[in-house]
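*Asks:* So the chains spell out like this:
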Amino acid sequence: MSQISLPDHAGPVETIWHYLYIFICCLVFLFLIAPILVIIPLSFNAEPYFTFTKQMMSLDPEAFSMRWYQDFMNKEIWQVSIGNSFFIAFCATILATTLGTIAALGLSRAEMPYKGLFMGLLISPMIVPLVITAAGIFFFYATVNDYIPLTGTYLGVILAHTVLGTPFVVITVTATLSGFDHSLTRAGAMLGADPTTVFFKIIMPLILPGVISGALFAFVTSFDEVVVVLFVASVEQQTIPRQMWAGIRESISPTILAVATILICISVVLLATVELLRRRSERLRGMSPG
Amino acid sequence: MSEQLTTVDGRPLKAALASAERSKRIRAVLLVMPLFIFIFFSFLYPIALMLYRSVENPLIAQHMPETVAVLEDWDGNEVPGEEAFAALAKDLVVARESREIGKVATRLNFETPGLRSVITGSARSAGKWEPPYKEKFIDRRKEWGELATWATIKRLSPTITSVNYLAAVDRQYSVDGEIQMIGEDYQIYVDLFLRTLWMSVVVTVSCLILGFPIAYMLASLPLRHSNLLMILVLLPFWTSLLVRTTSWIVLLQTQGVLNDIMVWTGIIDDAQRIQLIFNAQGTVIAMTQILLPFMVLPLYSVMKTIPPSYLRAAESLGAHRFLAFWRIYVPNTLPGVGAGCLLVFILAIGYYITPALVGGQDGQMISNMIAFHMQKSLNWGLAAALGGILLVGVIILYWLYNKLVGIDRLKLG
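Line by line, the protein sequences give chains A and B.
Counted the way my numbering counts, the first sequence spans residues 36 to 325.
Counted the way my numbering counts, the second sequence spans residues 5 to 417.
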């Protein structure tokens with residue numbers, strides 16, 4: 036019996052309350068999702084307005100157009116930005132995933148000393164306000180600039196985004212490893228596999244779902260990041276979020292809605308991937324003993 | 005006495021075990037080290053560097069060495085004598101030649117507004133003057149005959165200073181070295197901290213009020229249905245922050261969707277469209293929607309572990325449905341409520357992007373002021389001090405979160 040279904044003996048107060056409750060929940064879900072959905076039809080607006088025109092409401096085909104998408108395709112700055120965003124996010128994801136996965140392997144070992152302290156420090160980039168992180172990195176890059184040029188370079192942005200992405204990898208991989216049966220690695224070793232083989236043949240396939248979700252989180256974090264980019268990047272490293280930021284602050288054009296719609300599609304794909312992985316991981320863990 | 009146990013090769017068993025343990029521990033630490041070193045150099049050290057900026061003050065000591073040396077013995081009771089003015093003239097001329105005078109003037113101006121032109125103007129003239137200087141300086145700018153000017157220079161002489169932290173809480177040193185409130189027109193930071201706290205509390209409470217019912221619904225529906233509804237919570241979580249902020253602008257601006265709907269349905273007149281965004285209220289609305297998933301997910305995972313039989317037991321013992329819910333179910337959700345509230349509050353208190361884009365005048369938060377001093381006014385010392393105070397608050401909350409919830413239980417979807 037599900038708890039929110041109405042029992043047969045419910046009185047009128049409970050019946051009213053029950054439907055009121057469902058109505059409230061619907062409103063909250065609407066509050067969560069409506070702002071995202073409303074952007075999609077508006078991005079096909081033929082007029083440069085941010086609201087539904089009369090013609091749009093009457094579903095007049097004339098009122099809809101792809102002009103803002105064409106604008107997005109034709110403007111060089113958007114093309115450069117999207118290339119930069121993907122490049123930076125890709126590099127930061129590779130770095131964050133590698134470092135984060137290795138660290139998670141160590142952190143989930145029972146022998147790890149000061150586990151809580153290390154975990155706390157390694158997760159902290161997720162908790163510390165972005166402005167503080169960005170300011171710190173800005174000062175740091177300024178002091179080391181004479182030796183390694185980091186301010187206004189791709190390397191600088193990638194390293195900063197790696198910092199922001201690693202906590203997600205550490206969290207997801209340690210979570211996957213918490214259900215990991217360590218007798219499997221011992222069994223592998225006993226059967227003659229060296230540690231590298233054990234890692235790639237036994238550990239990796241089992242924690243892969245966690246690693247991939249961590250990597251996707253790291254990717255999204257970098258792909259969506261604007262504060263650090265504003266502080267340490269130059270115009271050369273223009274990214275999609277920075278271009279949107281500038282667009283919203285200065286002259287908001289409907290092209291931003293087209294970009295937003297494209298980004299929503301990307302997040303739907305990412306969400307679907309993570310959900311599939313999560314279910315696979317749960318299935319796998321259900322199979323392993325313990 | 006029992007005989008000591010040994011391994012095959014004759015080592016005491018205890019020692020052999022200890023060394024095996026040690027090598028395991030070293031292996032675990034070695035795995036964590038690469039990330040730790042990386043985080044240390046590109047995160048922890050930079051933040052320490054920023055905190056150092058908040059107390060570091062090399063500029064005046066470096067570029068006005070003579071004046072600083074003379075002022076060391078100054079008691080602050082009367083305008084210093086010719087010796088100090090001569091040192092000042094020398095320093096200003098040198099600083100002007102090395103093109104550092106602008107920095108010095110700016111630094112002094114942060115402390116006492118108006119000093120910039122006093123410094124740059126006097127520096128321009130000082131090169132042409134012959135001693136004695138005192139009269140000429142005071143003739144050029146009357147500020148040189150005031151104690152406050154000299155007190156400012158003396159106050160900024162030490163290379164380690166607390167003036168930034170004092171400024172961050174609307175305080176300053178008076179001429180005689182006492183800590184006092186600054187002029188009422190300049191008092192902004194304490195109010196801003198309070199407003200940041202207040203807005204974060206409002207956002208957290210709103211998230212709890214909105215998040216509790218839907219978390220309960222998600223937890224009590226059969227998995228098949230709740231998975232579908234869960235997507236409605238997770239999709240915003242995965243959607244770009246800028247996209248969501250943009251959508252709130254589109255929805256709430258005066259020519260936006262919500263106002264249009266209200267005009268069409270006749271709730272309001274076309275002339276009296278409501279300003280819903282670019283103010284504190286718009287920021288709170290947008291931040292609540294953006295942070296709501298962080299409340300729902302911990303609540304959901306706690307509610308999922310509460311057996312439904314608890315409620316049935318309470319009801320069968322005679323409790324009314326509502327009473328059973330309030331006395332039995334709600335107390336069991338408290339760990340989730342605590343985790344969600346702390347997480348939302350921690351994230352809200354340092355929020356930057358959304359207030360910057362939709363905050364208008366009265367919706368700005370402390371992060372926006374830090375960014376302003378970092379990028380516009382270039383008062384990095386003050387930015388670092390404001391950041392330091394914010395950081396201490398966040399670290400305390402983070403520590404609390406770790407104590408109560410445990411960071412390893414942080415849920416991400």
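The hints are simulated quantities; they were obtained by calculation from the structure and are not laboratory data.
Note that this is a predicted model, so its numbers are computed, not measured.
Note that the Cβ used here is the ideal one computed from N, Cα and C, for glycine as well.
Among the hints, erroneous ones may be present.
[To be verified] The calculated SDA-like cross-link candidates involving lysine to any residue, where the alpha carbons are at most 25 angstroms apart (straight line), are:
| # | chain 1 | residue 1 | chain 2 | residue 2 |
| --- | --- | --- | --- | --- |
| 1 | A | K150 | B | I271 |
| 2 | A | K150 | B | D274 |
| 3 | A | K150 | B | I411 |
| 4 | A | K89 | B | W403 |
| 5 | B | K308 | A | S218 |
| 6 | A | K89 | B | I271 |
| 7 | A | K150 | B | R277 |
| 8 | B | K28 | A | S218 |
| 9 | A | K89 | B | K308 |
[Unchecked claim] Listed next, the stretches of chain A that the computed footprint assigns to chain B, with coverage defined by at least 3 CB atoms under 8 angstroms from CB atoms of chain B:
| # | segment |
| --- | --- |
| 10 | 108–117 |
| 11 | 131–145 |
| 12 | 156–162 |
| 13 | 197–207 |
| 14 | 232–242 |
| 15 | 260–270 |
| 16 | 295–303 |
*Asks:* Which numbered hints are broken by the structure, listed smallest first?
*Replies:* Checked against the structure, the hints that fail are numbers 1, 2, 4, 5, 7, 9, 10, 14, while the rest are satisfied.
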